[in-house]
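First residue of the sequence shown? That's 1 in UniProt numbering, and the numbers climb one at a time after it.
Here are the computed lysine to aspartate or glutamate pairs in the DMTMM-like style, where the Cα-Cα straight-line distance is at most 20 Å:
id, residue 1, residue 2
1, 123, 98
2, 82, 59
3, 116, 136
4, 71, 142
5, 138, 113
Please keep in mind that the hints were generated in silico from the structure rather than gathered at the bench. As the structure is a prediction and not an experimental result, all values here were calculated from the model.
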Amino acid sequence: MRFRPSKKYAIAGVLVALALGLSGCGDDQSVFVGQRLEQRCNSAIPACDTRAACVMQNDMYYAGQFPGGLKTLVRSETEDAKVVVRFLLTDMLFSGSELQISAYSTGCNDFDEVHKKDMDLFKLAGDDRILEYELELKGRGDHLVEVFSDMSASYLLTLTVEE
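Take these sequences, add in the hints, and give me the full structure.
Dropping the structure here:
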């Protein structure tokens with residue numbers, strides 16, 4: 001006697017296999033943050049005659065909203081490092097025309113800056129909705145990073161220090 005699975009079992013097996021296969025797929029936000037932990041950025045840390053909301057590390061991300069800005073700290077272990085600033089734009093309402101990112105030296109007397117002005121920021125982000133910039137970090141220690149934009153959108157932010 002040969003075992004013949006019923007159609008119900010065959011269909012159930014296909015559905016289970018499909019569900020398991022799709023569970024490995026993630027949405028854009030999950031892919032963007034990967035294994036990073038969310039940093040709430042609700043502190044007031046003195047830095048460069050202002051206050052930073054948090055210290056961001058390579059294994060963290062921040063969820064925020066424009067218009068407005070964020071002041072945060074990153075740490076470098078070498079004299080000449082760089083920080084890769086990445087945004088994933090979500091809930092895009094109004095593109096705005098200005099994005100400014102500044103990364104200060106440890107002594108706060110010098111900074112590297114990206115300033116996009118008079119541009120459609122959503123068009124600049126493209127179909128993947130990602131903006132990515134690289135700035136120099138001069139000096140070893142804590143660096144203030146400031147972000148500002150007039151666009152109206154939610155975003156996920158990662159800051160990756162490359163030594």
